[in-house]
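Number of protein chains: 2
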Amino acid sequence: MAETVTIHEKPLRHFCEQVLMKLGVPAEDARVTTDVLVVADLRGIDSHGVARLGRYVSGLKEGFMKPTDQSRMIKETKATALLDGGQSLGQVVGTRAMNLAIRKAKDTAVGVVAVRNSNHYGIAGYYAMMGLPHNLIGVSMTNAAPLVVPTFGRISVLGTNPISLAAPAMNEKAFVLDMATATVPRGKVEVYNRAGKPIPHGWAVDETGRSSTDPARVLNALAKRLGGGLLPLGGEGEDLGGHKGYGLALLVDVLSGVLSGAATGLQVYADEKRPDVGHFFLALDPGAFRPLDEFRRDMDRLARELKDSPKAQGQERIYVHGEKSFVRMEKFRNEGIPLDPRVVQALKKIGTDLSVTWAS
Amino acid sequence: MAETVTIHEKPLRHFCEQVLMKLGVPAEDARVTTDVLVVADLRGIDSHGVARLGRYVSGLKEGFMKPTDQSRMIKETKATALLDGGQSLGQVVGTRAMNLAIRKAKDTAVGVVAVRNSNHYGIAGYYAMMGLPHNLIGVSMTNAAPLVVPTFGRISVLGTNPISLAAPAMNEKAFVLDMATATVPRGKVEVYNRAGKPIPHGWAVDETGRSSTDPARVLNALAKRLGGGLLPLGGEGEDLGGHKGYGLALLVDVLSGVLSGAATGLQVYADEKRPDVGHFFLALDPGAFRPLDEFRRDMDRLARELKDSPKAQGQERIYVHGEKSFVRMEKFRNEGIPLDPRVVQALKKIGTDLSVTWAS
Chain G
34 MAETVTIHEK PLRHFCEQVL MKLGVPAEDA RVTTDVLVVA DLRGIDSHGV
84 ARLGRYVSGL KEGFMKPTDQ SRMIKETKAT ALLDGGQSLG QVVGTRAMNL
134 AIRKAKDTAV GVVAVRNSNH YGIAGYYAMM GLPHNLIGVS MTNAAPLVVP
184 TFGRISVLGT NPISLAAPAM NEKAFVLDMA TATVPRGKVE VYNRAGKPIP
234 HGWAVDETGR SSTDPARVLN ALAKRLGGGL LPLGGEGEDL GGHKGYGLAL
284 LVDVLSGVLS GAATGLQVYA DEKRPDVGHF FLALDPGAFR PLDEFRRDMD
334 RLARELKDSP KAQGQERIYV HGEKSFVRME KFRNEGIPLD PRVVQALKKI
384 GTDLSVTWAS
Chain Z
34 MAETVTIHEK PLRHFCEQVL MKLGVPAEDA RVTTDVLVVA DLRGIDSHGV
84 ARLGRYVSGL KEGFMKPTDQ SRMIKETKAT ALLDGGQSLG QVVGTRAMNL
134 AIRKAKDTAV GVVAVRNSNH YGIAGYYAMM GLPHNLIGVS MTNAAPLVVP
184 TFGRISVLGT NPISLAAPAM NEKAFVLDMA TATVPRGKVE VYNRAGKPIP
234 HGWAVDETGR SSTDPARVLN ALAKRLGGGL LPLGGEGEDL GGHKGYGLAL
284 LVDVLSGVLS GAATGLQVYA DEKRPDVGHF FLALDPGAFR PLDEFRRDMD
334 RLARELKDSP KAQGQERIYV HGEKSFVRME KFRNEGIPLD PRVVQALKKI
384 GTDLSVTWAS
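Residue numbers (my numbering), protein chains in the order written: chain G, 34 to 393; chain Z, 34 to 393.
Some hints could be false.
Where chains are identical, the list cannot tell them apart; a pair therefore holds if satisfied intra-copy or between any two copies.
With a Cα cut of at most 25 angstroms, we get these calculated SDA-like pairs of lysine to any residue [unchecked claim]:
| # | residue 1 | residue 2 |
| --- | --- | --- |
| 1 | K111 | R323 |
| 2 | K139 | I107 |
| 3 | K111 | N168 |
| 4 | K357 | P371 |
| 5 | K206 | P166 |
| 6 | K381 | R105 |
| 7 | K43 | E363 |
| 8 | K340 | R243 |
| 9 | K357 | V376 |
| 10 | K340 | A178 |
| 11 | K111 | E223 |
| 12 | K111 | N132 |
| 13 | K344 | V72 |
| 14 | K221 | G57 |
| 15 | K221 | L259 |
| 16 | K344 | A256 |
| 17 | K108 | R323 |
| 18 | K221 | E271 |
| 19 | K99 | R85 |
| 20 | K306 | A379 |
Hints are computed from structural coordinates only; laboratory data are not their basis.
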C-alpha cells in the first residue's frame, strides 16, 4: 500500500464543507455533516470518515439525499419522539434527534428518539458522545443495508447494525463503546483480498452459507448477489456464539427500524431512491440515580480496575473502549490526519468536478 | 450421563415454594422466586433453573439473602428510579423493579429502574418478558461475579453480564434476546470437562491469559484463583471481535453497577456477606412512536423475512431469538420438565433437610 498523505483537520473540514455547500447544503448542516465524517477519521474509523464523502455527493446529486433538512416531528411525548427524516442527510437528522433526546433527558431524566426515512448517518459513536458534555449517558444505533447473514442462513438479511454507548468519567477518558454487530466490517475483507491473504474463519460466509477463508470468493458472491456476506459477532453457527451477534443485529433493527417504522432487514436500501434507514437515540441522566460525581468517580474506578489488572502472556496493555480513539484524536489533531492516497485522489476529483479548491 | 428425570411443573413449583417458605420467605415472594427458576427450566436454560435452588437456600440460611423484601426506593423521578435491594432475593427485587419500570412506561412512555445491593436474579429474560403482556419493549441486564477475562487480560474482572430485550409481535412469537456477553457459560466448560473433550478456542483462557482447549486446566485455574476464566463473545484478542464482547460486558456493568452505585467488576461478590449485585431495567412503549398494531405487524414481517430466507448448506432452519424457548416451554408444560438426576437428588436432599416432601 502506498504511503498515507497527511492532511490537517482544518483545511480538510473546510474542503468538505465547501463541497457540501456547493450541492445546496446550508452552512450549519455542512458543518455538522463534515464534523461527523472528520471525527470518524480523527478517531481512526477511516472507513466512516471523509472517504465516504463521495457517497454523500452522489446521494445529493441523485436526489435521494435532500440538501436541506426535511425532517419533521411525527409524534412526541415528554420523554419520547418519532422523527421522519424526510430523506435528509443522516448526520443532520441524527444530530437533531440526539439533541432532542438530550433536551428530554435534561427534563425527564431519560429521552428516547426514533427516526425513520433517513440516510446513512456515519459513526454511531458520534451521537452517543454528544451526551458527554452534558454529563449524560448517550446511546445510538442504526440499521443499515443488508450485509450480515443470520445464523444458519445463506444470504445477508441484516446490516452491520452498530451499537454505541458513551458514559462520562472523571479523570479517565469517557467510556465509548462503538461497535458494529458483525465480526468485522466489509472493508477488512477487502483489505485481505487486496493483500492476497486468507481471512480467518468467523468473518464471512460464501454463497453456500458456510464460513469461507477466501476473501475473493466472498466479495464476488456479494457483488454478484449470489449470497453470502459477513458473519455476526461470534462467527458461524452457535459454537462460538454467532447466534448472539445475530441477536444483537436484530435488536438494533427492532429499535431502529421497527420502532420507528423505517425499513427493516432486506427492505433497507431496497429502494435506492429511498433508503429509509432507521435510527435510535437515547439519553439518560445518571444524576437522576446518584450524585453525578459519584457516578463519574466509579466510572474511573472500574476503568482503572480493568486497565491495572494482570495482562495475558505477551500483552502489555488492557484498553477501555474509546481510549485508543481519544489518544489517536489528540495525535491526529496535532500532527494531521493520515489519509489513503486513493481517498485523497477521489476527494480531489470531487473538488475538481464542483470547482472547490483542494486545501492542503 | 444418566437419563433425565421428568417432573411436572406444578409439583416442582409447589416444592420450591414450600422450601422457600420454610426459610421465612412470604408466600407471594416464594411464588415469584420459584416462577423465575421454573420459567428458566421451561425455556431450557437449566443452568439458571431449579438447579440453583441450593444457592438460594444457602444464601437464606447464611443470611446474606434476606427472606423478606427489604428493598427501598432511594431516588425517584417520573421516568426513573433507584432501588436499594436491601440484600433481598434478586427475583423479588427484580420483579418489583421491572413492575415499576412498566408502570412508569405506561405513564411517560419510558421507564428506567436501576437496582443496587441485590443478589443473583436468575435469567435476565424473565424481567424483559414482563413487558410483553403490556405490549411494552422490556430490557433487563445484571452484573455478576467476575468470570470473564477482558481482552488482553489474564484474570476475570467482569461477570458474564447478560443482556435481554423482549419485544411483542403479532402472530409470530415475541422476540426475546437473552444472552450472556461471554461466549459460553462456565457450565459448558464443565460439561466438556466431564466428557473429557477439548473445548474450542475462543471459550476460555487459562492462568496465562491465553486461549486454552483444556477444560480441566481452565477450571483448575479458576478454582485455585490462579487466573484465567471465560472469554467475552468474540473470543481471544481482537481478530474475531473479542473486544466487542468485552465492551458489551462493560456496558452492562456501567448500566447495572455504576449507574446504581452497586459493586462493579472485581467488587461484585468480593464481600460474600454482601454480594451487592446491580441490575438495570427499562420498559419502552412502542405505542408512543407508532400505532401498536403496526409495530407488532412489522415485528412479524421481520421475523418471517429472517426465517424464510435461504438456509446455509446443511441447515434446515433459521431461528428468531426466543422461538426455540417458546416451543420448549409448550412441550415441557405438557410433558414435564426434564431434570438431571443429580439435580433431583440435590433437591430431595434440600427437602429432607427442611422437612418438605419431594413432590413427584
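Tested hints:
1. In this homomeric assembly, K111 and R323 come within 25 angstroms of each other (Cα to Cα) both inside a single copy, at 22 angstroms, and across copies, at 15 angstroms.
2. In the homo-oligomer, the alpha carbons of K139 and I107 lie at most 25 angstroms apart both inside one protomer (21 angstroms) and across protomers (20 angstroms), since each shortest distance falls under that limit.
3. Proximity of K111 to N168 under the C-alpha cut-off of 25 angstroms is found in both arrangements, the shortest distances being 20 angstroms within a copy and 20 angstroms between copies.
4. Taking the shortest Cα distances, K357 and P371 sit within 25 angstroms of each other inside one copy (16 angstroms), while across copies they are farther apart (48 angstroms).
5. In this assembly of identical chains, K206 and P166 lie within 25 angstroms of each other by CA distance solely inside one copy; the values are 13 angstroms within and 41 angstroms between copies.
6. Taking the shortest Cα distances, K381 and R105 never come within 25 angstroms of each other, neither inside one copy (35 angstroms) nor across copies (63 angstroms).
7. Proximity of K43 to E363 under the C-alpha cut-off of 25 angstroms is restricted to the intra-copy arrangement: shortest distance 14 angstroms within a copy versus 62 angstroms between copies.
8. Taking CA atoms no more than 25 angstroms apart as the test, K340 paired with R243 passes between copies only; the shortest distance there is 17 angstroms, against 37 angstroms inside one copy.
9. Taking the closest pair of Cα atoms, K357 and V376 come within 25 angstroms of each other only inside a single copy of the chain (23 angstroms); across copies the shortest separation is 47 angstroms, beyond that limit.
10. For the homomeric pair K340 and A178, the shortest alpha-carbon distance between copies (18 angstroms) is at most 25 angstroms, but the shortest distance inside one copy (36 angstroms) is not.
11. Within a single copy, K111 and E223 get their C-alpha atoms no closer than 45 angstroms, and across copies no closer than 50 angstroms, so neither meets the 25 angstroms cut-off.
12. Taking the shortest alpha-carbon separations for K111 and N132, both the intra-copy value of 14 angstroms and the inter-copy value of 21 angstroms come in at or below 25 angstroms.
13. Taking identical chains as interchangeable, the C-alpha atoms of K344 and V72 are never at most 25 angstroms apart, the minima being 31 angstroms within one chain and 39 angstroms between chains.
14. Proximity of K221 and G57 under a CA criterion of 25 angstroms is satisfied in neither setting, with 34 angstroms inside one chain copy and 58 angstroms between copies.
15. For a Cα distance limit of 25 angstroms, the shortest separation of K221 from L259 inside one copy, 20 angstroms, qualifies, whereas the shortest one across copies, 36 angstroms, does not.
16. Taking the shortest alpha-carbon separations for K344 and A256, only the inter-copy value of 19 angstroms comes in at or below 25 angstroms, while the best intra-copy value is 42 angstroms.
17. Within a single copy, K108 and R323 get their C-alpha atoms only as close as 31 angstroms, which misses the 25 angstroms cut-off; across copies the closest is 8 angstroms, which meets it.
18. Both within a single protomer and between protomers do K221 and E271 lie at most 25 angstroms apart by alpha-carbon distance, with minima of 23 angstroms and 13 angstroms respectively.
19. When the C-alpha separation of K99 and R85 is checked against a cutoff of 25 angstroms, the pair qualifies only within one copy, where the shortest distance is 17 angstroms, while the shortest distance between copies is 57 angstroms.
20. Within a single copy, K306 and A379 get their C-alpha atoms as close as 24 angstroms, which meets the 25 angstroms cut-off; across copies the closest is 63 angstroms, which misses it.
Hints 6, 11, 13 and 14, counting from the list given before, are not met by this structure.
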